[in-house]
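Line by line, the protein sequences give chains A and B. Under this note's numbering, the first sequence has 60 at position 60, and the numbering climbs by one with no breaks. Under this note's numbering, the second sequence has 196 at position 82, and the numbering climbs by one with no breaks.
It should be emphasised that the hints constitute simulated quantities derived from the structure, not laboratory data. Note that the structure is predicted; figures quoted are calculated from it, not measured. Hints are not guaranteed to be accurate.
25 angstroms max Cα-Cα, derived BS3-like pairs, lysine-lysine [as the list claims (entries may be wrong)]:
#	chain 1	residue 1	chain 2	residue 2
1	B	K172	B	K183
2	A	K9	A	K57
3	A	K57	B	K215
4	A	K9	A	K71
5	A	K71	B	K215
6	B	K172	B	K215
Some but not every residue of chain A turned toward chain B, in silico, with C-beta under 8 angstroms [said to hold, decoys possible]:
#	residue
7	S31
8	G40
9	M41
10	L43
11	L45
12	Y48
13	F90
14	S94
15	T100
16	D101
17	F105
18	G106
19	P107
20	G108
We treat Cβ as the ideally placed atom computed from N, Cα and C, and that holds for glycine.
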Amino acid sequence: NAGVTQTPKFQVLKTGQSMTLQCAQDMNHNSMYWYRQDPGMGLRLIYYSASEGTTDKGEVPNGYNVSRLNKREFSLRLESAAPSQTSVYFCASSGGRPSTDTQYFGPGTRLTVL
Amino acid sequence: AQSVTQLDSQVPVFEEAPVELRCNYSSSVSVYLFWYVQYPNQGLQLLLKYLSGSTLVKGINGFEAEFNKSQTSFHLRKPSVHISDTAEYFCAVSLLRGAQKLVFGQGTRLTINP
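Next comes chain A alone, as it looks inside the complex (with noise of 0.2 angstroms):
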């Protein structure tokens, strides 16, 4: 098994492009997140999606949308990048009961935007 894989690992943007993160499991989980990950500050929670056709907002949702493709992929967007939004993206998921199963993490996605 894989497990969470993202892609890409690496990418550059300039200010005000747009990019898709994919992140994809192979457990058959129900629910999915996404995470920024910014020194000093932990991880904080973008978007989650509890279950395959649902998504809501986390923590800081504010300059990206998420889809929910099918159950196992779950895609992370950034309209119009901007500098801020530099950062290390991580996908994660987990199945069971939702309050109390481990998320799995992937292996991340290092963003930079001049």
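Chain A is already provided as a structure; the job is to place chain B on it using the hints.
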């Protein structure tokens, strides 16, 4: 709203010495508690979690944590560290119901010196 404070941003220790990483949380309702570890250039993985029952929780790699409700703390300990424990450690909380929207602390970088 919930918040998590990790009291030390960096902790240097010598190999085979004991270590304690401190975590305090704030919440008006009961929460679940988690410790995650991030090895260099990797995603996060779960070390241990407290859901209910015994306040002393044992995790992987010889780590354990103690939940103290009166002190609102969930400190992580290991009696003897190894070079391979060098990583960043994150404490997190989530609500008891619904999707597991983790709220993370700022992280503690553990450095093991030979």
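**Asked** Has the given pair, K57(A) with K215(B), been kept, meaning a C-alpha gap of at most 25 angstroms?
**Response** 10 angstroms, holds
**Item:** Cut-off 8 angstroms, beta-carbon criterion: hint that T100(A) touches chain B
**Value:** 5 angstroms, holds
**Item:** Proposed proximity, K57(A) with K9(A) (alpha carbon, max 25 angstroms)
**Value:** 24 angstroms, holds
**Message:** Given a cut of 8 angstroms on the nearest C-beta pair, is the interface hint for D101(A) held or broken against chain B?
**Reply:** 7 angstroms, holds
**Asked** With a cut-off of 8 angstroms, does the beta carbon of F90(A) approach a beta carbon of chain B closely enough for the hint to hold?
**Response** 6 angstroms, holds
**Request:** May I ask you to test the interface hint for S94(A) with respect to chain B, counting a Cβ-Cβ separation under 8 angstroms as satisfied?
**Result:** 6 angstroms, holds
**Request:** Sort out whether K215(B) lies within 25 angstroms of K71(A), counting only the CA atoms.
**Result:** Status holds; Cα separation ~19 angstroms.
**Request:** With a cut-off of 8 angstroms on the beta carbons, see whether G108(A) makes it to chain B.
**Result:** Result: holds, 6 angstroms to nearest chain B Cβ.
**Request:** Return the status of the interface hint for L43(A): holds when the least beta-carbon distance to chain B is below 8 angstroms, violated otherwise.
**Result:** 5 angstroms, holds
**Asked** Has the given pair, K9(A) with K71(A), been kept, meaning a C-alpha gap of at most 25 angstroms?
**Response** 22 angstroms, holds
**Request:** Identify whether the interface hint at M41(A) stands, where standing means a beta carbon of chain B within less than 8 angstroms of its own.
**Result:** Holds. Min distance 6 angstroms.
**Request:** Take a quick look at whether K172(B) and K215(B) sit within 25 angstroms of each other, Cα to Cα.
**Result:** 23 angstroms, holds
In terms of the numbered hints stated before, the structure departs from none.
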